[in-house]
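Q: Using the hints, position chains B, C and D against chain A.
Protein chains in written order, with this note's numbering: chain A, 1230 to 1486; chain B, 1230 to 1486; chain C, 1230 to 1486; chain D, 1230 to 1486.
Honestly, the hints are just simulated from the structure, not real lab data. Relax, there's no trap hidden among the hints.
Heads up, the list lumps identical chains together, so a pair's fine if it works in one copy or across two of them.
Keeping only pairs whose Cα atoms sit at most 25 Å apart, straight-line, the calculated DSS-like set for lysine-lysine is: (1) Lys1383 - Lys1364; (2) Lys1302 - Lys1446; (3) Lys1302 - Lys1245; (4) Lys1403 - Lys1302; (5) Lys1446 - Lys1383; (6) Lys1364 - Lys1446; (7) Lys1339 - Lys1364.
Please read all numbers here as calculations on a predicted model, not as lab measurements.
This is what each chain is made of:
4 protein chains.
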Amino acid sequence: MTELEQIKEDLVTANKVLAYHHVVDSFGHVSIRHPGNPNHFLMSRARAPNCVEVIDITEFTQTGDIVGHNPGKPYSERFIHGAIYEARPDVMAVVHNHSPNVVPFTVQGKKKFRPIMHMCAPIGNDIPTWDISHKFGETNLLVTSMEMGRDLAKTLASRTVSLMRGHGSVVVGKSLRDVVFTSIYMEINADMLIKAYALGGDDITPLSDGEVAANTKGRAGFTYERGWENWCRLVDRPYYPAAWEMGPGFSKTDPTG
Amino acid sequence: MTELEQIKEDLVTANKVLAYHHVVDSFGHVSIRHPGNPNHFLMSRARAPNCVEVIDITEFTQTGDIVGHNPGKPYSERFIHGAIYEARPDVMAVVHNHSPNVVPFTVQGKKKFRPIMHMCAPIGNDIPTWDISHKFGETNLLVTSMEMGRDLAKTLASRTVSLMRGHGSVVVGKSLRDVVFTSIYMEINADMLIKAYALGGDDITPLSDGEVAANTKGRAGFTYERGWENWCRLVDRPYYPAAWEMGPGFSKTDPTG
Amino acid sequence: MTELEQIKEDLVTANKVLAYHHVVDSFGHVSIRHPGNPNHFLMSRARAPNCVEVIDITEFTQTGDIVGHNPGKPYSERFIHGAIYEARPDVMAVVHNHSPNVVPFTVQGKKKFRPIMHMCAPIGNDIPTWDISHKFGETNLLVTSMEMGRDLAKTLASRTVSLMRGHGSVVVGKSLRDVVFTSIYMEINADMLIKAYALGGDDITPLSDGEVAANTKGRAGFTYERGWENWCRLVDRPYYPAAWEMGPGFSKTDPTG
Amino acid sequence: MTELEQIKEDLVTANKVLAYHHVVDSFGHVSIRHPGNPNHFLMSRARAPNCVEVIDITEFTQTGDIVGHNPGKPYSERFIHGAIYEARPDVMAVVHNHSPNVVPFTVQGKKKFRPIMHMCAPIGNDIPTWDISHKFGETNLLVTSMEMGRDLAKTLASRTVSLMRGHGSVVVGKSLRDVVFTSIYMEINADMLIKAYALGGDDITPLSDGEVAANTKGRAGFTYERGWENWCRLVDRPYYPAAWEMGPGFSKTDPTG
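Chain A extracted, bound-state conformation (with noise of 0.2 Å):
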């Protein structure tokens, strides 16, 4: 197997894995940016995640247009995609998904969208909420061209997440295992912040600016791996180790490797 087919093989593995996950239904999808040419990205033709297959990946310019071979019609939104890989040269993988605890977070503006556990740190806290209405007006909510893709790149602007109002969101990653990873554990924490809020009401803690700078920092291969070859486990999947790749981040939380 090629270095190509293997990431072809993971980016089918993870879309299993975020339907498994409930973070993608029948809808939403994942990318990854082309590891041979920084310009274009390989995602799905449109079709369920849970029934994308190695032969519906497809390759696409920034601006949405495929590649080669074409195994047909693609998903309305790629524009999502094209656009942050073209605005953000630092990610490598991009989901948009309809997560239901986030949902919630997206149509009312009384109650933050904070990171409350360490695992979720990288959500980061100051998550911005994109609302196509304004600057498109009434639309069927759809990011349907580049002019609508860039204009949610620009709020997403240097963080990981932005919310969709009465949409979903949209997570941005270092690798396919960063942007999985951030995606399911986002859905987590916003389950467990609606329910933080009703007993604490306003009086939460979330976590520092400090912590989550610690937390996203520290995170290395080690922690993705043990991650992704249990998920592999769950959706009946091959697991293909990734390389460790301790950075210097990572020494403080296990110095005895």
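A: Below, chains B, C and D without anything else, positioned relative to chain A:
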């Protein structure tokens, strides 16, 4: 397989898909207008949706009489279906359910049932609650006569959904896939909406009327098929693709085809 | 298979059905009055409901003594069952459970437990909470003697359900199917009711006494069988159809038979 | 199979049972004091609980060093376990988790975490929340040194549970079955308690101290085995029965043996 045979197969699938998504449990039912006779409709005999087989599909007149093949006792609430087909020539399929997150909305008037996510837009912003006691006094709440069914159809009027106090709801659609889709996302919307109200109190932002309209007219075979293929797989039923028939309303959503 | 053997098979099925619906977990139990001796009852030895087999079914006197076949240690709370059979000749089956959405109602007095959906009507509008400490002081809350069981039966009186503070509830029925049905829909009702109170505050509309009565007397074999067939399938147990025995109370519900 | 081999099999089972009940997901861990050397403990290498096999079980000193067989990288938070075994000779097993309904309690102070159902009594009425930042400032919240572990053990003191702010909790037990039992029912209690507070506000009735004591001392092998047999079956693991050892505290509960 004839067209009618395939339609019956899809009706069996619809029963199992609704059960899988907890829209129905051992109770609740789904029907379609007879493709060869608009004055008749097709529905299972009185059996739990998850157990329904093709042999159980029965043909009914709009007043609830069995035509031809009689596999056993019919649902005592078949008058819900008949009265709606009678009043609404545009309706091709009907679901009656006790959707668990929707029922709480039927027994209170403080918080309105509104769509807060684009997938759920077709339920609309004007959802009435039919109360059987207003006309029929203290009953067991079941709709067991054409008189009751017609009263419910009158409350439903030209809408997609009517809640039923202390009971559940009725959902109508332009096709079997349409009514299943709306029923599933109505339950999802109800779960999200309860949480949105918990967070935001009365300050939440439902979809606007223009957004509801844009979503509803823009929904085409493309979207239904993505869900239907996935649901067939989840309930282990054969998937018979339907034509996508992208209407003019869909062009804005996905100009690239 | 003799009638008694089939009854024991159905009792095993009831155990698994209640576990499937989370009414019981590793704890909780279901019994039936002995069909051949109204002074005795049948119940598993002390085993998790999901593990119960026919060989575990034990015959008990109403004071909790084992008669004949002794497969092992009995439930220490068998006195709940005995005391109710003693006090209530009309009761043919009993469930004791820690139903997870019902327990929250047992530890507070602000929000009453009421039926809000027609399927749940048999629990009634007058549901007491038995508090073991009122008569027995600080215990481990288990009902481990006939004295305790009789005190609980006194609180239950002629009702269908009594909550038990900090513990769970007891549910009685006219048959095994009846008590399983009521137990499942009581748990569903509790989940819906918590959400209804969250939405409507104190302004919710439970079923009226007349609606409760109409539902309860109208419930017949027809309804029970639809659930029971489905539940047998869900827990992979054989389904033994029972007679529908439509009583006079059912005629209004379904005049077409 | 030697006694040690069977203990390792049970430790594998405990990992899977905790994952099945959502007490742990890809993260969290369970350990037991080494039966042959009270200064050592046994725990998996750093692997998702659901994936753990006997070959992953590692022997550790109380300061977290690996003894003998080294199957791979250890959990970076093994110091939680070591420090508690060091401080509490009575503790035979430890679980660290991010139990999803418990975490909300850790980030607010308005609503106390209390047992409201008899099965959950062993968590006790006096449950502290350890905040890593009080002594260690802004960290990634992980307990990655003996100094941190000892600080947590000091907050735990002689109790059964300590919450950990923004993280999860630690639970200790007199045996592996005991700690698994308490962990599962702590999660169930948290779900029930959130709902009880929603219904009753501040007016809820937790178990009294006497009721907690009566339940905790009365819990014996009889109870543990009923759960353990069921859980083994649910996660498809072999069940090795343990002696029931009914202590004197159990006699009141079940005088008939």
